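Undergrad: Spelled out from the first residue to the last, the chains are:
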Amino acid sequence: MLFNSLDFAIFLPIVFLLYWFVVHRNLRLQNAFIVVASYIFYGWWDWRFLLLIIFSTFVDYSVGYLLHRQEKKRHRKLLLSISILVNLGFLAVFKYYNFFLENFVEAYSFIGGSIRPSSLSLILPVGISFYTFQTLSYTIDIYNRKLQPTKDFIAFSAFVCFFPQLVAGPIERATHLLPQFLQKRSFEYNQAVNGLRQILWGLFKKVVIADNCARYADIIFNSSEDASGSTLVVGAVFFAFQIYGDFSGYSDIAIGTSRLFGFDLMNNFNYPYFSRDIAEFWRRWHISLSTWFRDYLYIPLGGSLGSTWKKVRNIFIIFLVSGFWHGANWTFIAWGALNALYFLPLMVTKRNRKFMGRIAVGKDLPSLHEFAQIALTFMLTCFAWIFFRARDLAHAFQYIGGIFDASLFQFPTFHLDSEVRPLLLLLGAFMIMEWLGRDDAFAIENIGTPWPKPVRWSVYFGIVFLLFYFTGEQQQFIYFQF
Amino acid sequence: MKKFLTFTLFFLALLGFGYLMVAVFVNDGSRERNTYLGALEQKHFRIEQLNEPTIFIAGGSNVAFGTDSRQLEEIYSMPVVNLGIHYGLGVSFITNELKAVVEKGDVVFISLEYLLSGEGDYRVKRQASIIYPEASTYFEADFTKEVRSGLKRTRNNLQYVIDHHLKGIAESGYPKDSFNTYGDIVSTFNNEHHEQLKGKEELQYRDWEGVEILNEFYAFAQRKGVCVYFLYPPYPLSEFQKNETVILKTANYINARLKMDILNRPETFVYADSLFFDMVYHLNATGREKRMKALLEIITTKDEIGRCLQAKSELAHSISAVRNLK
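Read top to bottom, the protein sequences are chains L and A.
Under this note's numbering, think of the first position of the first sequence as 1, with each following residue one higher.
Under this note's numbering, think of the first position of the second sequence as 1, with each following residue one higher.
With a cut-off of at most 27 angstroms between alpha-carbon atoms, the simulated DSS-like pairs for lysine-lysine come out as follows:
id	chain 1	residue 1	chain 2	residue 2
1	A	Lys198	A	Lys249
2	L	Lys72	L	Lys146
3	L	Lys184	A	Lys2
4	L	Lys310	L	Lys354
5	L	Lys453	A	Lys2
6	L	Lys453	A	Lys3
7	A	Lys3	L	Lys184
8	A	Lys224	A	Lys302
9	L	Lys146	L	Lys77
10	A	Lys249	A	Lys200
11	A	Lys224	A	Lys104
12	A	Lys176	A	Lys198
What follows is a list of derived Cβ distance ranges for each label pair:
id	chain 1	residue 1	chain 2	residue 2	range
13	A	Val161	L	Phe21	39 to 45 angstroms
14	A	Val161	L	Lys363	38 to 44 angstroms
15	A	Pro175	L	Phe21	51 to 57 angstroms
16	L	Leu101	A	Leu248	21 to 27 angstroms
17	L	Ala107	A	Pro175	53 to 59 angstroms
18	L	Leu52	A	Asp207	24 to 30 angstroms
19	A	Glu202	L	Leu52	27 to 33 angstroms
20	L	Arg438	A	Ala141	46 to 52 angstroms
Selected chain A positions facing chain L (Cβ under 8 angstroms, derived; list incomplete):
id	residue
21	Lys3
22	Val147
23	Gln196
Don't read these hints as lab results, they were simulated from the structure.
Bear in mind that the values here come from a model prediction, so they are computed numbers and not experimental data.
Idealized CB from N, CA, C, for every residue including glycine.
Take the sequences, apply the hints, and build the full model.
TA: Structure below.
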């Protein structure tokens, strides 16, 4: 069920009340209840998806238990390999089989051969890319002796399937989330109120910003052959806001919902469009995934140690794999490669850690220089998003070719109906809110905290009104397809 | 916890109260009756006035834009009603509507948008039933969908009130008086062709559920003595080239399973983009002329249809003659 759906609006309060009023006295019961609720949530899409996640849970729980008891390095490697093979195997079959098959057939026909293998008609289980990585972090951390396995199977199951973050992250580490299932949770008023506020903001980003930007991004991308260069630029910008609102909005709802149940999830987005260079962007965008790749792929490969060739190789591997994680299409690989090209000069010149702190500290506005850096980084990001959104590489290149045309300097020509102007105003107001709240976990975390309650509540009513008034056509969360 | 629940419930209660106030104010039905779907009332009013075998054209807006009912009426001396209005009503609604109005001796031409949803959009169906209450029998009510469509309706009406009354912005789309008495859209004929047609999409193939619904309607029509024919819709060339594989695969699926006669192929009504008005299925005046010419050619060259229509036409004359005598 989608977070912005009536089903979830009914599901959440029921689960919340049962959690805190019926099962709260016993930790095991509380965790078991989370498992049941999460399986209902996940099975709502398709009950068959549950078979995979339950199997994955059993395998990784067993591997973790056996890993801890095993001292011989060869056997430990074998056990870890089982976990990796099972989890990545699921991904390979459900997500990548047809892609590899199609490309193999094309390559074979290129050299003169001809084969007709049968492709698989498989539904991609929602969230598979997320929970497989989450459970892999468990077994890898046990292998590296950073974590003790848990004997509590119920707690482990709850860690794997916890419904707020099951289908689109944040991808939690076992070292961070699993201990929270092993200790009693008690209701905290401020945590719950903060959670509700974050849910509200997440809904605003998803329903108002993302879904409305999606409408115009879709129009422009679907008719890109006829659009002027300036229109295509606008389309890329709309998509940039669509994907940010969609994904960070989902993360906010996930984190806020978790708070209602006494859990603390990691922050997944840290105002990435205020980044001053690409390296900073990648420290602020989809943090849970980028840190996962850093810790479990980049560092084991050698990271930024070793020769320049090795560093370049590792950067490309990370970004290409990250691109490929998003989907079985050459466009995602191209997107990853482009980001690697953006990142490389910074790394080679050792400037990739230049912007580690806050933006415009102690100032209301960025300096002109900072603004130029933010604008340039945003433009580079938008350019890369073209590959992410395009149907295929041909469409991406056609889109880019359309931008670099004399019509780039004309006024955008797509259908500007009466609804786009309010949307543009909303986008402006949204970015102002994000800027003002850039030091907080989410933009409205501390909004109006010194104000009287009626005034604060008026702001919340205002956001709910905007949610109601500007609700776009309901769109699936983009990252559900990953 | 008590404080949290108290404040949350109070907040929700205030929200609910605010929503009810807005809903009562804006949902008086006046807006819906003046919109495009308001034409549904006119179409059914025309049907109620008719007392003889009739030619019905049914489908989404491709039919509303692409049919010259008067031409058909003149050739076959039978009244024509263009029921085509909105693809959002879905195949089920369209066939249920037909079931409610067809009588023995009628002829039905169904032209549906590609891969048109069997179920349709609940909100559009609910809006149709607000305008024309009888339409509530054309679909099954669903509580959660009622709640959702109710919320959307309130939102749309609120937007209308703000845009129309406060900002003076005219409602977009086609108003009720875009239609002539036959149910054809005529108001857009003098309007310029839009360079960028709306509604462009990449069709995704599926085994179309509409076939089963149409077959069920066909069985009903046969029992009732009604002739039914299926037509592929008019479609812009650029979209056809983009979606050709999916369209032809869909056509193969339909041709293999649909029991009613199919009068054309998908390519028959593919026209240059310039012959469409503003959206993918909406022909302009010239496009409609071309399509009607092609359609009439099809109907007249396929003998059984001519016989069917001729028989109905004779029947219509007989019925009229008898009624006049009375």
